[in-house]
Structure formats: C-alpha cells, structure tokens
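2 protein chains.
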Amino acid sequence: MIVGGVAGGMSAATRLRRLDESAEIVVLERSGHVSFANCGLPYYVGGVITDRQALLLQTPASLKARFGLDVRVNSEVVAIDRAGKTVTVANLADGSRYTESYDALILAPGAAPFVPPIPGAERALTLRNIADVDAMAAAVADRPDRAAVIMGGGFIGVELAENLIHKGFEVTIVELAEQLLAPLDVEMAALVEKKLIANGVRVVTGASVTAIAEDSVTLSDGSTLAAGLVIAAIGVRPETTLAEAAGLELGERGGILVDEHQRTSDPAVFAVGDAVVKRDVISGAQALVPLAGPANRHGRLVADVIAGRAASAKPVLGTAVVGVFGLTAAATGWTEKRARAAGRAIRVIHTHPANHAGYYPGAEGLSLKLVVDAETDAVLGAQGAGGSGVDKRIDVIATAIRGGITASELADLELSYAPQFGSAKDPVNMLGYIAENLRDGLTDTIQWHELDAELARGVQLIDVRTPSEYAAGGIPGAINIPVDDLRDRLDEVADDVIVHCQVGLRGYLAARTLAQSGRRVRNLDGGYRTWARL
Amino acid sequence: MIVGGVAGGMSAATRLRRLDESAEIVVLERSGHVSFANCGLPYYVGGVITDRQALLLQTPASLKARFGLDVRVNSEVVAIDRAGKTVTVANLADGSRYTESYDALILAPGAAPFVPPIPGAERALTLRNIADVDAMAAAVADRPDRAAVIMGGGFIGVELAENLIHKGFEVTIVELAEQLLAPLDVEMAALVEKKLIANGVRVVTGASVTAIAEDSVTLSDGSTLAAGLVIAAIGVRPETTLAEAAGLELGERGGILVDEHQRTSDPAVFAVGDAVVKRDVISGAQALVPLAGPANRHGRLVADVIAGRAASAKPVLGTAVVGVFGLTAAATGWTEKRARAAGRAIRVIHTHPANHAGYYPGAEGLSLKLVVDAETDAVLGAQGAGGSGVDKRIDVIATAIRGGITASELADLELSYAPQFGSAKDPVNMLGYIAENLRDGLTDTIQWHELDAELARGVQLIDVRTPSEYAAGGIPGAINIPVDDLRDRLDEVADDVIVHCQVGLRGYLAARTLAQSGRRVRNLDGGYRTWARL
Ligand SMILES: Cc1cc2nc3c(=O)[nH]c(=O)nc-3n(C[C@H](O)[C@H](O)[C@H](O)COP(=O)(O)OP(=O)(O)OC[C@H]3O[C@@H](n4cnc5c(N)ncnc54)[C@H](O)[C@@H]3O)c2cc1C
Ligand SMILES: Cc1cc2nc3c(=O)[nH]c(=O)nc-3n(C[C@H](O)[C@H](O)[C@H](O)COP(=O)(O)OP(=O)(O)OC[C@H]3O[C@@H](n4cnc5c(N)ncnc54)[C@H](O)[C@@H]3O)c2cc1C
Ligand SMILES: CC(C)(COP(=O)(O)OP(=O)(O)OC[C@H]1O[C@@H](n2cnc3c(N)ncnc32)[C@H](O)[C@@H]1OP(=O)(O)O)[C@@H](O)C(=O)NCCC(=O)NCCS
Ligand SMILES: CC(C)(COP(=O)(O)OP(=O)(O)OC[C@H]1O[C@@H](n2cnc3c(N)ncnc32)[C@H](O)[C@@H]1OP(=O)(O)O)[C@@H](O)C(=O)NCCC(=O)NCCS
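Protein chains in written order, with full-length UniProt numbering: chain L, 1 to 534; chain S, 1 to 534.
For the record, the hints were derived by calculation from the structure and aren't laboratory data. Among the hints, erroneous ones may be present.
One copy or two, either will do: identical chains are not told apart, so a pair holds if it fits within one copy or between any two.
Stated by the list, open to error - The calculated DSS-like cross-link candidates involving lysine-lysine, where the alpha carbons are at most 25 Å apart (straight line), are:
| # | residue 1 | residue 2 |
| --- | --- | --- |
| 1 | K194 | K425 |
| 2 | K64 | K195 |
| 3 | K195 | K337 |
| 4 | K85 | K337 |
| 5 | K194 | K85 |
| 6 | K337 | K425 |
| 7 | K167 | K425 |
| 8 | K194 | K167 |
| 9 | K64 | K337 |
| 10 | K64 | K425 |
| 11 | K425 | K314 |
| 12 | K195 | K314 |
| 13 | K195 | K425 |
| 14 | K167 | K195 |
| 15 | K167 | K337 |
| 16 | K194 | K337 |
The structure displayed is predicted, hence computed values, not measured ones.
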C-alpha cells in the first residue's frame, strides 16, 4: 500500500513489481494524476513545454498494463490505523470512504507549498501538481494587467520568474533573506540576481509581502506593488499531517523520521521523499532536502527493503541546479555560510575560468566556489554559476565528495579534454591546485568580505592588473603595480600587503614573488570579479 | 634546464618559478614557438579557429616578462652529457652549437607523428606544431582538386576529417584496424563512423595506404584513391632519440622510463609528457598515454620534486574526448576489448538515455557503455557517444573510478537535476542501477556480439517492443510479444529465452517477469539500438 503516486511512491511501486510479480500493490493518490513531472511545471507555465501530455509520464492505465499496479487517483488517505494495519481512503470523486488493509505501508506524500498567513493569502497561487499548473496557466492566460509578484526567491520562484517574463509579465521577486537561492552563498547568488535583473525581473530582497489585496501587495517596508498575479514560492513543508495523526515520530524541524531503511518508528510503515527527514552527509544531522533524486532513489530502496533485499540509504549532499535565462547555477554540499555557522575552520576558493579552452570559439565564463575543511582538506561543498558546463563541474565535485577525494586531489582527476569541452587543466583540476597551494601554505588568501577590515587597519592593497584594467575600475584605495613589473618595483611594496587582480591568478603569481621577498602577502581570492560580483 | 617548451616543459618552468624566484630556468625549444595549443591545430586548419595568434598562448618575451624565464626557440638539444651535466644545443637559426650546464634536466620533448615507410611518404603532411599547421593550412588553401586522404582514424585523424570537410574537401579516412578510435569499442566507434559518413566523409577500415603517388594513393587492397592532400595521422611515437642516445632507460614499448617522481634512470634527469611511460591505473602496467592533461600535471609535479616538495604522480586513466560534427565521443579507463584481452571477468552495460528529461525540449540521445569487473564490481572503464552531456557523464565516471566508487554505487551519486540538465535518475545513476541488478543476479544479459551463437543454438528470441516497432525493423528470427502483453502470453515463451527491446529497459522488465515464472532468460544488453548500432 503506497500513499502518493509521484516520484517516491511510484518508484517504489514499479521496483516492487520488478522484484515481486505476485505482490498486491495499491497506489493511492490524492490528486487527479500520478507520475507527473513536477520539475517541468514552471516550464509549462512559461510555454517552454507546450505539450501538457508530456508532463504526464504514466497514467493509471499504463501502469496497470505494464506493472499490474492498482493505481487510484482522487483517493486521499485520511487516516492510518497502525494497530489494525488499515488505512481509510476518501474517494474525492464521489465523496465515499473505505478502508484498505496493508502488510507494508509506504508514505510518499511529498511536501506542501508554504503559504504565509497574511491577509489575502487565498489569492496566492502555488505550484506543486497538475491541478496547480492548470490553474496557474489559466491565470497567466487570463490576467490582462501583466504584473506578477513572486513571494520567495528559491529555485521554483526563480524558475517561475523566468517563465513569467517569457509570457510578457512584469515580474517582481520578493525575498525575505538578503539573497536569492539559499543553497548558494550571497556572492554567488548575486550572479543569478544580476541575470534576472538583466532580463527584466525586479528583485526585492530583505522584505516580505505582508498583505495581498485585489490587484496589489503590501511589502514589509510599507510600499505596495501592483500584482495581478501573486505566487507563493517561499518553500515547502513536509506533508506530515497523516503521519503525525498516526503517531509516527517526526524530526526536529518536521518531516517523518526514518532509519537508513526508510522505516518509520512503526516497522510496518516506511516513508520516502520530501516528507521525510534525511541525513546530511557532512554532519550527519537531520536535513530536509526536497529533491527528486533522493525521492526516486529512496522509493526504489524501500521496495528493496520490503522485498527482503539488503539496501540502505546514504546521507545526502543535496546537489541542486537551476537554469535562469541561460545562466546555470548549481551547488552541492555545504555553503561557506553554513560551514562558518557550524564553526568549521574552512578554506574558501573562488575562480572564474572559461568552460573550455579560450582559443576555441564560444568559450563561456564560469564562476566556481569551493569550500574546504581546513583541518582535513575534505571538500565540504561547491557552487557554480555561469555558462554551460557548470553542472558538469558540480557533478564531478559531488562525485569526488562521495568518493572521499580531498580538495587537493581534485588536481589529479583526469577529465575529458578537447578544446570544445574543457581545458588541459580543467576548472576542477585548477580548484585542486589552488587548494593544494593553500593547504601547503604556498599562498594565503583573503575573502572579499574580509577586505574592508584589513584596509581599515591600513594594510596596503596592490592591484597587479594592467594600467588599463586599473583605470577601467578597481577597488578604492588600491595602488597599481602590474604583475610583470613587480620584480622591478619591490621597493614600493609594504611588508604587509594584499594583492589583487581580475580573477586571482595574477594575484597569486604576485603573491608568490612577494612571499619569497619576505613579505606577508595575501591574495584577494577570486580577484576583482568576486569582490565586485561581476 | 628544460628540453621542450610546450605542455609539459612550460608547465614545469612556470611552476618552478612560482616555487623559486631565484632559480635559473632555461627552456630550449626546437621549433619556432613555445606554449602553443597543439589541441587547437586541427580547428585552425578547418577555419573554426581563425586567429592564428590565439594558438600561441605565450611567447618567449611574455614568459620573460612574467616568469623571468630564459626561453630559446629554434634551439634543439642534440646531446646530453650526463656525467658532465651539460647539454649540447644546436641553434637552428644560425647553425651554431654550444653547451649549457644543468643541475637538473627536464626532458619534455613530446612525441613525433608516425609516418609509414611507404613510397611517397615524404608527401604526407603531419600535424604536431605551428610549422606543421602553417604548412597544412597552406596546402589546404592551395590544392585545387579537393580530395584528401587521411591515414589513420584516431582522434587527430577524425578531427582533421571534420575540418577538411569544412574546407570543402572530399575526405577519405583509411584506417588499418576494423574500427576508428581505438579507445572505444567497435560498436561505440561505429556511432562516430556513422556520423562521419553522414557528413560526407568516406571511411575505409581494415586497409592501409601502401604507396603515395603525386595525386593519388594506393591501398592495401590494390585500389587507388584520388588524393591531392595526404595526411599521416596514424599515431605518435615518443621522442626518445635524445634520451636513448644518453643511455636513459626506456620502457617496453618505447618511451622514457620514469618513477612516480618523473625521475629517469639518472637522478638528475626528469622526463614528462608524451615522451614518457606512464602507469595504467587499473593494471599498473606501462602505458603510453599522449594526452595534454597528464603532460601539464606531471610538468608541474617535476617542478615540485625539484623544489624539494613531496609529490608523486598517480597512474593514469586516459580520459579522452573528441567532437565530430556535433557528436561527442569520450572514454575513460579500459574498453571491453582490453578487459577481455587481459582475461578479466567483466560485466558490460550499454544504455541509450536522453541527456536530460525527455519532457523538456531539446533532449539529445546518448549511448553509454560501462565495463565492470565481475569479481569486485569495480568500474574498469566507460565510453559515451552522442549529444551534449557525454563529456559530463564520462567525467563523473572517471572521478568515481578515482574515488573507488563501485559500479553499483553509481546509483547513489547525487547529480544535479533540473529538466534542462539531467534526469531525476541521471544516466550515470541508471548505469549504477543496472550494474547492481547484474551483480545481484536480478537480471542476466547477453551482449550484441554473443547473440548469433545463441540463436544458432536455437534459443528463442522475443522482441518485446510494440508491433509497430517490430514491423519497422528488428532482429531476424525474433517473435513479437509486447512487454505489456507478456503476462497474458506466458505460454508462448520457451524455457530458455532471450528478450530484447529498443534500448534494454523494456527487455529488463520482461526478463524480470519471465525469470519469476521460472524461465532462464537473458536480456539483450542495449537492445536493438546497440545490436543495430543505431
Ligand atoms: C515546481 C517544482 C519544480 C521542481 N523542480 C525540481 C528540480 O528541478 N529538481 C529536483 O531535484 N527537484 C525538483 N522539485 C522537487 C521534486 O519534484 C520533489 O522533490 C519530488 O517530487 C518529491 O517526491 P515525493 O514522492 O516525495 O513527492 P511528490 O512527488 O510531491 O508526490 C507526493 C504525492 O503524494 C500525494 N499525497 C499527499 N498526501 C496524500 C494523501 N494523504 N493521500 C494520497 N495522496 C497523497 C500528493 O498529491 C502528491 O502527488 C520540484 C518541485 C516542484 C513542485
Ligand atoms: C593535433 C593535435 C591535437 C591534439 N588534441 C588533443 C586533445 O584534444 N586532448 C588532449 O588531451 N591532447 C591532445 N593532443 C595531445 C597533446 O597536445 C599532447 O599530449 C601534449 O602536448 C604533450 O605535451 P608534451 O610537453 O609532452 O609535448 P609537446 O607539447 O609536443 O611539446 C614537446 C616540444 O618539445 C620540442 N622538442 C622535441 N625534441 C626537442 C629537442 N631535442 N630539443 C628541443 N626541443 C625539442 C618539440 O619541438 C615540442 O614543441 C593533441 C596533439 C596534437 C598534435
Ligand atoms: C515514471 C516512473 C513510474 C518510472 O519508474 P521506474 O520504472 O522505476 O523508472 P524508469 O522508467 O526510469 O526505469 C528504471 C528501471 O529500468 C532499469 N533500466 C533502465 N534502463 C535500462 C536499460 N537500458 N537496460 C536495462 N535496464 C534498464 C533500471 O535498472 C531501473 O530498474 P530497477 O529500479 O529495477 O533497477 C517514476 O519514475 C515516476 O513516477 N516518475 C515521475 C515523477 C518524478 O520523478 N518527478 C520528479 C522529477 S520531475
Ligand atoms: C601557458 C602555460 C605556460 C601556462 O602554465 P601555468 O602558468 O602553469 O598555467 P596557468 O596559466 O593555467 O596557471 C595555473 C597556475 O595558476 C594558479 N591559479 C589559477 N587560477 C587561479 C586563481 N583564480 N587564483 C589563484 N591561483 C590560480 C594555479 O594554482 C596554478 O598555479 P600552481 O601550478 O603554482 O598551483 C602552459 O600551460 C603552456 O605552455 N600551455 C600550452 C601548451 C599546452 O598545454 N598544450 C596542450 C593543450 S592544447
């Protein structure tokens, strides 16, 4: 018996059939559809995906034909009787109720979009299932005024912003935090924000919507915004109503508590997907990671466990990616802010490589960030934003984390290279080189957010770029000594000095020269580009 | 003292400067240029890269200014006196000779294109450096007849074929082996061959050029081909003349022998790059891997060793990639043929996934192949051919191999997923699922090259695709029972049966159903597509 017929639930159902031809498998789904592509919904709103049918990967009929599954849509499970091993099902089509018994019960009810308890909240649209997307598509087609406010600048909010721009809306994202996309650090999220703004999206951070009126919203700063369309995309909360009512244990921040076999506190009840608590791969702490990959994987795993196979869930990294107007932003593992909040000693690296050899036409710029455990050299996390190839680098680093490859060892990865695809030293290798140099004390860096305090202390700042780069814009207070002149102008350099260039490479070269002249020197990590968030 | 001023040599020189401001560093380069982009040369021939200057990443002057390097072009080292620690340098510009002494000597002379000893061989052009590319570009611009024969279907041969097509040539590749691209297995290389043919390249395998006349070539089968332009791209041999003359130890199949510190049999002489013997990561055997990544990495490593830092070279996987008319082909580690030749018990998996979610527009097909050690479940190698995203999957698997992640554990990698970038179960995860099923005996497969023998034995073959797919073309001798009908038509199925579908997925489902009915069943790995090389 499976509650919820999409990513986690249906993966469990199909795998269970493959493992056991004779099992009786019933899937109960509250909405009118199963096996749909949640992740494609924003693109249907924007008309990127035009065929609604393409979102429906399977139907009850096709699942019956191929897998012999008993799939019932419009069927809400409203209660679980754990002692009697039955569930009460409400048939939403005709209002009737009935009970069904189970040997094993799998809960895969997902998560519900959070709607803030503010006046007018009932007018806010959310996006989770096919009914939602139909409603939103209709609202998009109907509204004559073309002004939309999206509450929340997470992945879904940002995807919807792009898609509503495609539809000709004036779009404002209102985000309570000081940045968009919490899985990124602020300076990386700034690149996404810049891209959104360049494409006509208005971004308001550090504010929230406090009231929704008929054609406008009020913000926490008292201002109002026209808003024919209001969307709530401020996050999701695990669907735990049913589990809680049944007395199943929940996690610290909500979510159904499960062990590594996805078993709840009741041995006959399993749970997977957005509804459950996962384990963080770095700290082992409880984590809510509402992503499709783990939902699918753990759904399959539950089937294995029920069929008596040895299988256990791994802690999660939370690798995620989003595309915004051609920019890719992706992340895996921990952010700098998270590592600092946890009190870890870390090393941070920013680079701005090209996605492939610069001499081959069409190279696009990337910004990458690596967060490294200063004690163990372990990779804690990575982030990327930029042209194509960001997802590749983040996937490689996610794999490296899983394989226990240290930051310095990234230098030794053998990644495919031809001029259209990468560089002889791939950007990931380069992160490894830099990590090794930091680990070995060959270079010392300073982060963009640490610079002001040092300058206030009176430390000298040298811009080692060319005079024309210096003239075109730099960091206030910097003097200019191009890297190629440095050996001849050592007498102009103070004993304690910070150097910077455009991306960090020439600064590193300068730092090596200066360090060997006995000076204390730090290189501005990521250079002017990270500092200026270019 | 460094012999050779490109990938390996110049990487050593610049790193050494960063480690040691006071070192005297002399780079001796036979050709007229240093630090050039070998890998870009084919694209300059084809006019994809139009700016010749873009190929020259550094010049002696720029390396002097930035790194204080003494770089001498047109300077061939013609002898090494190891006892006296000197080299004899021939100044190719003025014909003079002089000796220079060294404390440490780094040999990075690269490799030389192999030219077959056949009549007319002097007319065959090769491509290794800037002089070569200038000559080839001139020949391309000059020849009025527009017929080109490329001897050798390796990476460079294939890249040149594409580029000569861009230039309007009629191009024939003549390859001695039965397939192009030795780092791929024959059925994967066939996809590249198909792409070349679709774009007008003629491909002749299993033949060689035996003589070159003024406007034609003769093949081993006696036929002749018009050939205004003849190119030798049949491989490279390590440049060991100098090392051999100096009495340095060489490897079994040529190449300078070095230890994990890139030290030759003479402790004061180091060697890196295409000229040296590397270690294979899987067998530990000697290997010649002429790729830019290892050359750059090991160049840097030699500088570390000379500067007294702890560093040692890792064995190589040989990850490589090539782009051909928009198709990407890549490989890492061992091929099936290599593993079989080495007598390993292996499992082989072929899949044909889409590079991203099918419901999002623009999905492109990939063909992936995984070679797995049947005893340990270790990944021995992987290959891919298809649309964009092949390089990503091969890089992820190369990283997994390095991290000791087993084939089944690929299922648990958390790879970035949004509909434009991948699937909730990424193609790499899917390889892991299939590997796990094979490991656990949930499914048994048969390879495309094993099918004929089984059919000859009279084993039943069932095509489980739809009747219309079956009608459109299938494997001779197969009967058709669509997977969705199978449970109702079990009585038509023999006790020993092979099933197949288009790519392997439905065949797997059918195999699970049939296995549970007590039959011996094998699924044709990779389905009709692998069998038919589609
Ligand atoms: C718009 C959008 C975009 C997304 N984009 C991405 C992305 O790009 N990448 C990514 O990794 N993830 C993405 N996700 C998240 C991903 O879709 C989820 O992580 C995944 O679907 C979770 O699977 P699940 O099985 O836990 O829940 P769901 O897939 O949500 O399925 C749960 C189902 O259970 C049903 N249900 C709930 N309660 C009951 C009940 N009592 N009785 C019967 N049925 C019930 C619900 O109706 C629902 O259909 C996106 C999600 C959304 C909404
Ligand atoms: C056309 C082409 C395309 C390629 N494409 C790719 C690709 O896509 N991906 C990839 O990974 N690799 C590719 N490669 C291979 C890559 O370029 C080499 O692996 C790499 O350059 C090897 O570095 P190296 O330092 O050993 O030798 P090289 O870069 O060849 O440098 C050796 C230098 O030493 C000089 N030299 C030799 N003998 C002497 C002497 N006695 N005295 C002074 N100087 C001497 C030579 O003139 C030469 O310039 C390609 C190579 C070519 C030719
Ligand atoms: C559509 C859905 C029912 C498919 O479930 P599924 O059958 O488990 O998944 P797939 O069709 O991808 O097939 C995977 C199975 O085929 C096998 N397989 C795939 N390709 C194969 C091949 N070429 N050869 C052999 N086997 C293959 C895999 O091993 C796996 O089987 P296993 O789990 O027994 O190991 C389910 O994924 C679903 O409901 N998805 C939609 C919801 C969703 O995921 N939303 C979030 C993202 S938008
Ligand atoms: C051009 C060439 C001289 C460059 O050598 P290089 O200086 O070692 O390489 P790069 O310019 O890529 O810089 C790498 C260095 O900068 C550092 N670096 C790179 N980006 C950085 C950043 N953002 N911040 C700090 N340091 C950075 C790296 O750590 C590395 O230094 P290290 O080796 O001391 O650790 C050499 O690669 C060459 O001759 N290449 C052409 C030939 C070739 O490779 N051909 C085959 C492929 S076509």
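Going through the hints against the structure:
1. Taking the shortest Cα distances, K194 and K425 never come within 25 Å of each other, neither inside one copy (29 Å) nor across copies (31 Å).
2. With identical chains, the CA atoms of K64 and K195 are never at most 25 Å apart, being 45 Å at best within one copy and 40 Å at best between copies.
3. For the identical chains of this complex, K195 and K337 are intra-copy neighbours only, at 22 Å inside a copy versus 48 Å across copies, given an alpha-carbon limit of 25 Å.
4. For the identical chains of this complex, K85 and K337 are neighbours neither inside a copy (45 Å) nor across copies (54 Å), given an alpha-carbon limit of 25 Å.
5. Taking identical chains as interchangeable, the C-alpha atoms of K194 and K85 are never at most 25 Å apart, the minima being 54 Å within one chain and 58 Å between chains.
6. For the identical chains of this complex, K337 and K425 are neighbours neither inside a copy (29 Å) nor across copies (29 Å), given an alpha-carbon limit of 25 Å.
7. Taking the shortest Cα distances, K167 and K425 never come within 25 Å of each other, neither inside one copy (41 Å) nor across copies (30 Å).
8. For a Cα distance limit of 25 Å, the shortest separation of K194 from K167 inside one copy, 20 Å, qualifies, whereas the shortest one across copies, 41 Å, does not.
9. Taking identical chains as interchangeable, the C-alpha atoms of K64 and K337 are never at most 25 Å apart, the minima being 48 Å within one chain and 42 Å between chains.
10. For a Cα distance limit of 25 Å, the shortest separation of K64 from K425 across copies, 22 Å, qualifies, whereas the shortest one inside one copy, 51 Å, does not.
11. Taking identical chains as interchangeable, the C-alpha atoms of K425 and K314 lie at most 25 Å apart only when they sit on different chains, with a minimum of 15 Å there against 31 Å within one chain.
12. Taking identical chains as interchangeable, the C-alpha atoms of K195 and K314 are never at most 25 Å apart, the minima being 35 Å within one chain and 41 Å between chains.
13. For a Cα distance limit of 25 Å, the shortest separation of K195 from K425 qualifies neither inside one copy, at 28 Å, nor across copies, at 29 Å.
14. Taking the shortest alpha-carbon separations for K167 and K195, only the intra-copy value of 18 Å comes in at or below 25 Å, while the best inter-copy value is 38 Å.
15. In the homo-oligomer, the alpha carbons of K167 and K337 never lie at most 25 Å apart, since the shortest distance is 35 Å inside one protomer and 53 Å across protomers.
16. When the C-alpha separation of K194 and K337 is checked against a cutoff of 25 Å, the pair qualifies only within one copy, where the shortest distance is 21 Å, while the shortest distance between copies is 50 Å.
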